[in-house]
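**Q** Those sequence lines, one after another, are chains G and V.
Add 506 to the 1-based position in the first sequence for this note's numbering, that's all there is to it.
Add 506 to the 1-based position in the second sequence for this note's numbering, that's all there is to it.
Treat the hints with caution; some may be incorrect.
The list treats identical chains as one, so a pair stands whether inside a single copy or across any two.
[Claimed, not checked] Straight-line Cα separation of at most 20 Å, SDA-like style, residue types lysine to any residue; simulated pairs:
1. 612 x 813
2. 681 x 693
3. 555 x 944
4. 554 x 924
In short, the hints are calculated from the structure, not lab data.
There are 2 protein chains.
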Amino acid sequence: MGIDDTENWTINKVHYDDCSGPIYSKDAMKKTAGALLSSIRIERGSDKKISVQLYMAIREIILSDGLGAGDRLPASRTLAREIGVSRTTVIDAIDRLIAEGMLVSKVGAGTFVSEILEHQRPAIVQTAQTEAERAKPRLSHTITHASESYAQRSWLPHETRAFVTALPALDAFPKTHWARISARHLRGDTDEIMGYGEPQGYHRLRHAIAGHLNAVRGIKCRPEQIFVTGGAQQAFSLIGRVLLNAGDRVWYENPGAAGARNAFVACGAVLTPVPVDQDGMNIACGLRQAPHFRLAFVTPSHQQPLGHVMSLTRRLELLEAANQAQAIIVEDDYDGEFHFDGRPQPPLKSIDTQDRVIYVGTFSKTLFPSLRLGFMLVPDSLVGVFDNVFASWISSPPTSTQAIVADFMEEGQFATHIRMMRRLYHARYKVLMEAGEMLPDTIRLQETNSGFHTTAYLDSTIDETEIAAQADAQGVTVAPLGRYCLSPIAQKGIVLGFGSASPEDIWAGMTVLSNLPALDRG
Amino acid sequence: MGIDDTENWTINKVHYDDCSGPIYSKDAMKKTAGALLSSIRIERGSDKKISVQLYMAIREIILSDGLGAGDRLPASRTLAREIGVSRTTVIDAIDRLIAEGMLVSKVGAGTFVSEILEHQRPAIVQTAQTEAERAKPRLSHTITHASESYAQRSWLPHETRAFVTALPALDAFPKTHWARISARHLRGDTDEIMGYGEPQGYHRLRHAIAGHLNAVRGIKCRPEQIFVTGGAQQAFSLIGRVLLNAGDRVWYENPGAAGARNAFVACGAVLTPVPVDQDGMNIACGLRQAPHFRLAFVTPSHQQPLGHVMSLTRRLELLEAANQAQAIIVEDDYDGEFHFDGRPQPPLKSIDTQDRVIYVGTFSKTLFPSLRLGFMLVPDSLVGVFDNVFASWISSPPTSTQAIVADFMEEGQFATHIRMMRRLYHARYKVLMEAGEMLPDTIRLQETNSGFHTTAYLDSTIDETEIAAQADAQGVTVAPLGRYCLSPIAQKGIVLGFGSASPEDIWAGMTVLSNLPALDRG
């Protein structure tokens, strides 16, 4: 079945006098065709082969109606001379257009623009008409709605300076060992490392993660419950898509992390900002606002960004509230390994007797961010659902990356690295607190005992965004607390990372901070 | 605010006589607490530290109600002796539980189970009650609906044998050079390679891809239109989420690729199976079934799986139909580089004067699948939308992977590799056709002039799934055409890949095929 069946389409054969672009009448076209072709200019220094340039140029003249259906092309010898290229080049370009169906060669008669173009002329003439429509593409309702509510995520750090958050000590990473494992895999079993990987994650990595969670974090789980994702962010997106309908309520820590927030917003969720105090999320406040919540997002081991540990009371309250509402809790354990006394905070998941918690982990902090590797541990009741989703339409992270991390964990390098980093972050934290003593009394650093960021609270007279702007102008990055807020909070503050900057940079950064004009009492 | 505020929750204090699990009366509990603790058994050969085992065991006894709120623990010395561990180990485990809030130490009186547990007892007693509810988790409507409609994707190949499809020649990949570039990056700028990458993709890779599409595929585009994804599959998922509402109609080639299909189904799309002939998708049939389609998915350069090239007539018809319906076309150019005469088929995108086409490419075939790297080229009208989506909630692929591929492209290795592979696939294709001459006349191999798969058509009396099963039993993989079908088609056939298998394997595989009992005329 071909072009003959197209009669019953409604082709809109309108013509506009005011349409812009190179539209010619049929007569003008015939006269100018030869001139248009000889006006083609070849760029000698370009990456593109000359025959490709010529092919694209002729094609564009045809598509923009400069050459009409049935028009005859000048002889290749003529074209070659006028454009200033070899005849072989012209023939190559024309052959491509013939293969593509744009041109037709008739033995003894020459080369012509295909009659096919005639039938489809309306599509080309409409360019001007649909310009406005094209500028406003039709999007899905959820994405259209969500795009007004995304939190700014533009400060995702990619350079080590004082006091960027969420960035581990890249300078202390065992790159040589990493490169050695990496090279070993490229020499190893080609099929396993280079073929399509296992959709739910490389089996050796799933085993290593389950073993680690069992042995170090006190979570009883099986490798089948672990799904490897392209960073924690992909896990949040998937959880949202699998569990949320547009309009569903999600309890969210206020202040809280920006990335997961956007992932849920993009699914049409309505976020309920739940206040956070030194015991973590205030469950009673959550219940008052949205008792029938569908999901709760928490960072119990080290509240992001305030740094508090969620109390056992609150943990049990949250589990009970989720149980009543038949909701799911997403636990983001982004830096729970780095407790300064060497004993990580127990995850909420470890006391989840009701299978309400999906535990999300990341290698961005324990190894490095650009690995883009994370995982989720889902309750038994959801294993089948996620198995199906991963098998059907998920792109898992590169197998080689997963294999390197699996080796790293199996060989004990991972545990060693975490131990070393814990000591290093503790040391950098002490430098931060020591250097922080020079700060004026309009700002006070909050103590923490894990991770690699803390909060500095500001007097209510101080403008936190002004602090951030003044610091940035002097090469120091601080994140105003307001950036983490879903709804405004009274408390002013800035979040300071101390993981990636050297002790010297921390001192220098603190010197800058302590001299900021905006810290002077107003 | 703490536990005092919980009075206005509705805690469901029900008790069931028939609940299963280790539930004890308060009196029985007190009597058995000591016995339960001394019954803890330590596994000496385990990966877990002994103190962690002990900590988890005591915690489980508390959570399962074996020890009640206010119960006093035996002295550490007693516990150590009865369990057979050192007193230090017991103290370490108990300290963890105190830090966690499960236990409370009272000076001079001993260690007790925290009173907090008393308040939350209902959550624990309900275990049996909610078992059935937990087994049926509440999912989003779209995912619940979609999960019944996924195509099987379980045959994604990960080993090179005759005649797996979609797998390139892993044995011919320049692994040494790849490893060298990879090592170089780990020695280079740490921040750029290890920090959080650019959300839309590593800028050098976006430039290299745009340059390649310009120079080799004849597509005029800017790097800003390129978005790097975790494989083509992630691109399809994103396109679906951004453009589709539940119930939207998507034209889909029948037969067609399985992965993209699931991605659209997961967004709630209703797929319209549009027949494919030697000219590609039959547009008139699509218009008859669903004139108001929202999206069309096509493989114009090399139809997946039949191998036909879409004719210019059909291309122009499709562009016009999309224009009328204000629909978007997704062009999956999965293997368009490998045209045997060295001149790739022009992508549909190259004649898309109306900005209707999103072009999706992958490095799974040009490099190797487990890279999980792909990209999409979106029309100008959609750049802002995808910019926002990527900045807000996408996990981009690992920067190091992107950097290696960028180097590979900039240094010309990519073009060289494609040239070599094109020759190699052509050679393997010739082996396939030559070996295919031994096949009985119930099966006929279709010729192709690009890529690394082709179709063998079967007499209508032959059972294609039986062929696949018999071949598989002898170590040869073929994909029945039916697996690619959204709705049944009359034509029977099997799809044969020839990219990853050696000439010897191709001969051996064809010998197996030609002797299959199921190929005998019935």
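**Q** For each hint, tell me whether it holds in the structure or not.
**A** Hint check results:
Taking the shortest alpha-carbon separations for residue 612 and residue 813, neither the intra-copy value of 77 Å nor the inter-copy value of 28 Å comes in at or below 20 Å. Within a single copy, residue 681 and residue 693 get their C-alpha atoms as close as 19 Å, and across copies as close as 8 Å, so both meet the 20 Å cut-off. For a Cα distance limit of 20 Å, the shortest separation of residue 555 from residue 944 qualifies neither inside one copy, at 63 Å, nor across copies, at 43 Å. Taking CA atoms no more than 20 Å apart as the test, residue 554 paired with residue 924 passes between copies only; the shortest distance there is 16 Å, against 49 Å inside one copy.
In the structure shown, a violation is registered for the earlier hints numbered 1 and 3, in ascending order.
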